[in-house]
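S.K.: Chain by chain, the residues run as shown.
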Amino acid sequence: MVKQVRIALRNCGRINPESIEDYINVRGYEALVSCLFEKKPEDVIKIVTDSGLRGRGGGGFPTGLKWQAAAKENSDEKFVICNADEGDPGAFMDRAVLEGDPFSVLEAMAIAGYSIGSNKGIIYIRAEYPLAIERLKTAIEKATEYGFLGKNILGSNFSFDIELKYGAGAFVCGEETALIKSIEGKRGEPVVKPPYPAQKGLWGKPTIVNNVETFANICPIILNGAEWFRKIGTQKSPGTKVFALAGKINKVGLIEIPMGTTLREVIYDIGGGIKNNKEFKAVQTGGPSGGCITKENLDTPIDYDNLLAIGSMMGSGGMIVMDEDDCMVNFAKFFLEFTIDESCGKCTPCRVGNKRLHELLQEITSGKADEKIIPKIEMLCNTIKKASLCGLGQTSPNPVLSTLKYFRNEYEEHIKDKKCRSRVCKALLRYQIIPEKCNGCTRCARNCPVQCISGKPKEVHVINQDECIKCGVCYTNCKFDAIIVS
Amino acid sequence: MKLKGVNDFYKLRDEIKKNMEKNKNIKVLVGFGTCGQAAGAKKVEEVLKKEIADKNLKNVEVIRVGCVGYCYAEPTIEVVYPDGKSVILGNLTSENTPDIVEIHIINKNLESQYVVPRNFE
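Sequence lines, in order, name chains A and B. Under our numbering, the first residue of the first sequence is numbered 271, with each subsequent residue one higher. Under our numbering, the first residue of the second sequence is numbered 39, with each subsequent residue one higher.
Because the hints were derived from the structure by calculation, they are not lab data. Keep in mind the model is a prediction, meaning the values are calculated, not measured. For each residue, glycine too, the CB sits at the ideal point set by N, CA and C. Careful: at least some of the hints might be erroneous.
[Claimed, not checked] In silico contact screen, one side only, chain A against chain B (beta carbon under 8 angstroms); selected entries:
(1) Arg284
(2) Asn286
(3) Ile294
(4) Ala366
(5) Lys412
(6) Leu434
(7) Tyr436
(8) Gly439
(9) Ala440
(10) Val522
(11) Met649
(12) Leu650
[What the hints assert, rightly or not] Once the Cα atoms are required to be at most 16 angstroms apart in a straight line, the calculated EDC-like pairs of lysine to aspartate or glutamate come out as:
(13) A:Lys646 <-> A:Glu629
(14) B:Lys56 <-> A:Glu629
(15) B:Lys56 <-> A:Glu291
(16) B:Lys60 <-> A:Glu633
(17) B:Lys49 <-> A:Glu291
(18) B:Lys93 <-> B:Asp137
(19) A:Lys688 <-> A:Glu648
(20) B:Lys55 <-> A:Asp431
(21) B:Lys55 <-> A:Glu404
(22) A:Lys545 <-> A:Glu497
(23) B:Lys65 <-> B:Glu133
(24) B:Lys65 <-> A:Asp292
(25) B:Lys49 <-> A:Glu300
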């Protein structure tokens, strides 16, 4: 049985998130005290760099390097931003940390501020997280009351304040440059990098933007040392990762596993296997920017580089498990719909390209496509990837590309045979009455919304395929299992 | 209370630790994240508190905590005994909560059909 290792979630569910005493009892604020009184800022950055901690928001950029870059800059003002704009469908890792252990994020932000020479922290949090906001507010109030935030923290000459800034729920604002624009009160649109935020960020000042989970890892690293952290996980991706395990799995939940754990262990050991003993089909990681991982890669150790190599990505931690009942074309279409809704519209490849891509998929799922469509889709995907301005557009075709790579046969079935094996794409379904089972009860004919079922009482009924809208009402209404779907 | 220096901090920490050690209560941790609340943790908490009051149980504390991660079994609680042992219970409802109070808080049983297998240390 594979065990989880809890670093970021170490206190979640264990302590009262509104009690600073509870937090201090589990070594809270010891890391900040040791930084302020025993370590120089460059020492702190060295520990973080040596630990090999990489950005947990999904990018995987080394946190220490980000801090170093900002520390190097000379400026009258610098900013520490905590990115709590968690937006991937089905992902709630950051919410759990903020609701369960808000002080650990505040402490880590103060440590970051001390290291890079900043006195101002901002938590950019979605307004859809009211409970997390409330607990953060309580935590900030208490931390200030005790002198862990504010002027001259614990009598040192380091001062640090944290304020909350609410996001209005735009997915693209999780991208760091768009997030900064949003804090400045401008439209949440990404800008071209470089200059990186570490050089010119919020209000043109050096800024570091780190994800909630990244911050949640900082205090244990300071307390236990870089070596300790490096012993967990893999060589290139030390530490753990929190995943929100969802979909067709028995034990959905929030899990934290050491990097290097395989998907098989996650799904079958921790997740308890696929629901209703169905067959595993794929798992999707990385949300709308990620891809799917199939049976062949179940034994790949999870880390940033391995997931990229097999055509998916780590992402922020959403993990959606699919079984034989899921149609991969429809699935790619679902994520594309999300991208279209969330595209900010600034650059054409993303705004128009994804819309056109969605229309092409729509042709496939409605049975109107011919064989020339696949090369067209591939070309469009590659154009969107190459020409989009920010990460949202550059990665938006990934779900399409990865399903095309691993489930090309399903696309071809939809196109050539006009068939959806998972019976998800309604337009491709065919409802038929089995004459041997039909006893002419008339129930289907009476309930059909387009009156396309004919037959006299007590005689076999027939569905007129040309008029059938595939609503499935006859199927659910038949008491004698006389209707089949194919 | 504003801490003015590093010594203030250590003094406070030691004091907190001493108080926590002295505390021999049974702690009932209710998963009270957004997820737990959506699954009905509030109702469960009410029933818990009422049962504890009705049965006149002393030395039992009900504490709201964040999400523990067992989404499939929400709402969940964890009962932590004074000796440090603990047990996680899932799928609580207002109907089965009195039963759980009886088994795990009054009789301090570590096993029952409500126990959720722990998947981390």
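S.K.: The structure should be examined with respect to each hint, and the outcome stated for every one.
M.R.: Evaluated hints:
| no. | hint | in the structure |
| --- | --- | --- |
| 1 | Arg284 | 7 angstroms, holds |
| 2 | Asn286 | 5 angstroms, holds |
| 3 | Ile294 | 5 angstroms, holds |
| 4 | Ala366 | 4 angstroms, holds |
| 5 | Lys412 | 10 angstroms, violated |
| 6 | Leu434 | 17 angstroms, violated |
| 7 | Tyr436 | 16 angstroms, violated |
| 8 | Gly439 | 15 angstroms, violated |
| 9 | Ala440 | 20 angstroms, violated |
| 10 | Val522 | 5 angstroms, holds |
| 11 | Met649 | 41 angstroms, violated |
| 12 | Leu650 | 37 angstroms, violated |
| 13 | A:Lys646 <-> A:Glu629 | 12 angstroms, holds |
| 14 | B:Lys56 <-> A:Glu629 | 66 angstroms, violated |
| 15 | B:Lys56 <-> A:Glu291 | 12 angstroms, holds |
| 16 | B:Lys60 <-> A:Glu633 | 69 angstroms, violated |
| 17 | B:Lys49 <-> A:Glu291 | 12 angstroms, holds |
| 18 | B:Lys93 <-> B:Asp137 | 12 angstroms, holds |
| 19 | A:Lys688 <-> A:Glu648 | 20 angstroms, violated |
| 20 | B:Lys55 <-> A:Asp431 | 27 angstroms, violated |
| 21 | B:Lys55 <-> A:Glu404 | 27 angstroms, violated |
| 22 | A:Lys545 <-> A:Glu497 | 40 angstroms, violated |
| 23 | B:Lys65 <-> B:Glu133 | 21 angstroms, violated |
| 24 | B:Lys65 <-> A:Asp292 | 13 angstroms, holds |
| 25 | B:Lys49 <-> A:Glu300 | 12 angstroms, holds |
Hints 5, 6, 7, 8, 9, 11, 12, 14, 16, 19, 20, 21, 22 and 23, counting from the list given before, are not met by this structure.
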